[in-house]
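*Asks:* One letter stands for each residue in the lines below.
There are 2 protein chains.
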Amino acid sequence: MMPTPLNLFNIFDYSQKMWPEKWIITRTHEGTHRYRYRDFGERVRRLSSALKTLGVEPGDRVATLAWNNYRHLEAYFAIPLMGAVLHTVNLRLPSEHLRYIINHAEDRILLVDEELLPLLDPIRDQLPTVQHLIVLGDQPDLSKSPIVPVSSYEVLLGGAVPTGDFDPDLPEDSPLGMCYTSATTGNPKGVVYSHRGIVLHSLAMGLANTSAIAENDTVMPVVPMFHANAWGIPFSSIWFGANIVLPGPAPTPADLVRLMSEERVSVSAGVPTVWLGVAKALEKDPTPLSLRMVLCGGSAAPPALIRTFEETFDVPFAHAYGMTETSPLATFARLKSTLFDLPKNEQLAIRSTQGLLVPGLFMRLVREHEDAPWDGKSMGELWLKGPWVADEYYHDPRTEDSFEDGWLKTGDVATISPEGYVRLVDRTKDLVKSGGEWISSVDLENAIMAHPDVFEAAVVGVPHPKWDERPLAFVVPKEDREVRKEDVMALLSENFPKWWLPDDVIFLPEIPKTSVGKFMKRALRDQYHQYLSSSQ
Amino acid sequence: MMPTPLNLFNIFDYSQKMWPEKWIITRTHEGTHRYRYRDFGERVRRLSSALKTLGVEPGDRVATLAWNNYRHLEAYFAIPLMGAVLHTVNLRLPSEHLRYIINHAEDRILLVDEELLPLLDPIRDQLPTVQHLIVLGDQPDLSKSPIVPVSSYEVLLGGAVPTGDFDPDLPEDSPLGMCYTSATTGNPKGVVYSHRGIVLHSLAMGLANTSAIAENDTVMPVVPMFHANAWGIPFSSIWFGANIVLPGPAPTPADLVRLMSEERVSVSAGVPTVWLGVAKALEKDPTPLSLRMVLCGGSAAPPALIRTFEETFDVPFAHAYGMTETSPLATFARLKSTLFDLPKNEQLAIRSTQGLLVPGLFMRLVREHEDAPWDGKSMGELWLKGPWVADEYYHDPRTEDSFEDGWLKTGDVATISPEGYVRLVDRTKDLVKSGGEWISSVDLENAIMAHPDVFEAAVVGVPHPKWDERPLAFVVPKEDREVRKEDVMALLSENFPKWWLPDDVIFLPEIPKTSVGKFMKRALRDQYHQYLSSSQ
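If you read the protein sequences in the order shown, they are chains L and X. Residue 1 is where the first sequence starts when you use the UniProt record's numbering, and the numbers rise one by one after that. Residue 1 is where the second sequence starts when you use the UniProt record's numbering, and the numbers rise one by one after that.
All clues stand as given, with none of them false.
Copies of the same chain are indistinguishable here, so a pair counts whether it falls within one copy or spans any two.
Pairs of lysine-lysine, BS3-like flavour, derived with a Cα cap of 25 Å:
1. Lys-409 - Lys-385
2. Lys-433 - Lys-485
3. Lys-433 - Lys-513
4. Lys-336 - Lys-17
5. Lys-513 - Lys-485
6. Lys-513 - Lys-478
7. Lys-385 - Lys-17
8. Lys-478 - Lys-518
9. Lys-377 - Lys-17
10. Lys-429 - Lys-466
11. Lys-17 - Lys-409
Keep in mind the hints are simulated off the structure, nothing from the lab. Bear in mind the structure is a predicted one, so any value in this text is a computation, not a measurement.
Required output: the full structure, derived from the provided sequences and hints.
*Replies:* Laid out in structure tokens, this is it:
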């Protein structure tokens, strides 16, 4: 067979020849911008030419700091097609992390939405590798740029001759892009995507068994293009000829509903918060939609949300799971046809799991270096392997913590059912390891928070002289309500074996949280480290 | 990204873990045989173990001579999974070609359906590389084997310990299988399939944009498993978890209709003759079916056949094109959603073409070493490139005739529409090249055969002193009918420019044919070689 490399040229060349008439539609502050694939392709070729003039060479990192819009999509293709590396920078990162990742990646050029320029102000003098800033906007005021030299994207494109010399033989193991993922402690960690990985991931997204992105779709990625390739949607949509709707800067639920309705969106993808917002907007103002599928990932969607979409709005709701390290699609919750006869609530329970492994990948459930059974009960860390799974962090010694024997240790604790459905139960670092057995802090927290008088609750493991670790529960009652330890224990006794029950319940006015609102369990573990050390 | 190889282990391991409950159903002389993927997997492991005991090493060729049945499917997996090469032998070949390909491939072991043993009789003493024959059957009479030593497949499997050591790291460029394709002259030519090619081809078959083979399908390949991997259906069905229905030995149209009805087949694939037969059977005896798609390839389906399936039976009919050298899927005729508003007859005309290129491949339309425009009119030879396209014939000097600059020259003359739809108009060898312009012999033949009094007609190019070549028409009138040259010319004048019209019309009692019933145009060219050499 021919040694044709799997690279982005495959996707771009095919798309330009097969689907020149299809549409790319962007919500902007000024209204809706729309153009055809044909125009997109010409601008991709202009951008590549302009970047070359600015000195970009194969292997150079070129960064984007942008919302989901057509200029960002052009960068998604122009940069890798010329052999350079697309570094999508998360605009929600704190300044010190922005500074770290731009320097760590050694970005040479930054492409930045005009309205996001202020994010660079605090670090303007601390980006030694950056040689040029390009402002994405219609007629940006370049004098506001915190970095010089600076150019207007549109002026650059206007003056460029569309390149015709993308290399069809770009080796498939060449880097295509990179994305940094937040770490539990310390700086973000970089993941490098290869051309081969992205091509295979794009094929996986087009399978009828998964999201089935196809020519007759109109796809709206609400998931940001600075998060793990917007779940790969830009690449697979362009390849398979779907119309693309890009929701632009900071879309509200009402913006999303309007776009879905006006543009007849058939597939949209986002995190649970997005769909909670959309559900509220639709309940307030019912709008007929053409959705054939909602894709939800990033964190677990509550079953009630799935039910609302399926039963109230009649929209199939598909749960998926992945991470920056997995490009990201790793599992997809489609109900097997052999399970169609199950009662609705059991179907819903399966659809609420993270789903089945995507074809092309391998998975293991690992506990104490052994494979745990796929019985739907045994917990283990989920390990993944495959051609779109990272095998290292970019120039980072933390690689050795997360990779072993060619596998990615996801840090997620899961069960796998005999049918193959993955259900996440905890993060490895939050799991309570008691006398060799594992207790899910998340399951206990969810059960406690079901108490009508509980506002929030966290469960952490602390050292115990006999059992290594035992769980402690921290509970915040609702204002003016009282909750007693006995109430909590009684509630948990109904659902869990005795050895799962926390050794104590501690009432707090508030659970300590991180800057993005997640429970800061480490603070609780540190503070209560000695709590059980004298008990027997 | 991880260097995980694309090999059949990916497919098999995934399938065994995800879909152990799915079904493989085979029509046999004794009735319907059915078992689950789980049982299939265990037998695959037994077969591999048995072959190893017989001395099969990685790289060895192991041949099959069998109908579409579950034992053949087991061989499809067991042989490549152990690193050996699955050589599927076409049971319709004449003895001298059977002998040639078994010797040319240097097959070490033959797996043969019991009822096909007589095919080996004429060449029993002429297969020096064959060390063992294995008879596929329930309780075969081994004394009838033309070759010794001989074993019963079932006895071998019964005595084997299922192997557990398939190599997950089998390099993706390793040979997986091979298939010989008939040549215009001389012996068949061998094509070797790689693991990588088959994995990528399988992904392409699962795309929503093409055949969309998925877990909720029941797929019946009528196309023989000895023809270009049964169009890749066994591999993609096993990967994506479809139930598989194998129609067994020499199925009649009535057998096929019964299987489709009883097993609720959702996708079936075969050549036009199959669907003509099925259409007749359904017209005679209407039967409710669950087909979501009929796949048709191998040669062009008449538009009337497509219309019958779509309008009379309400079954979407999808035209596809490929060849042994392309694994085989190369194009697939799905109507773009942007064309849904066309009048029905124009839609039908597009759906009757060979279709759009499949994602992952490249194509060119080449004429006199230049690219011809994609205008739906300009003819050129179709050239193909991609990871599941062969780059040579196995140990065969004819390689240099068919490959150039990394492309496969298909030998098919086509037009490509601005939308990208490929329409085959001739074989290069049959094309008439007149004064630098190309004339499609097939188009002229079809037009002449539309005359009510014409039984059959052939058009060939013969040398001409001024125009290099000019067409001659050969016409066979129906019994007791008369057709005049003027009638033929008048008919053609309505549809073609003047310079397309044949220089003469010659009436024959019969068009010479090959052993498989195709027009032997070479005989006509040879016989009439001088016919126009004195005319000016």
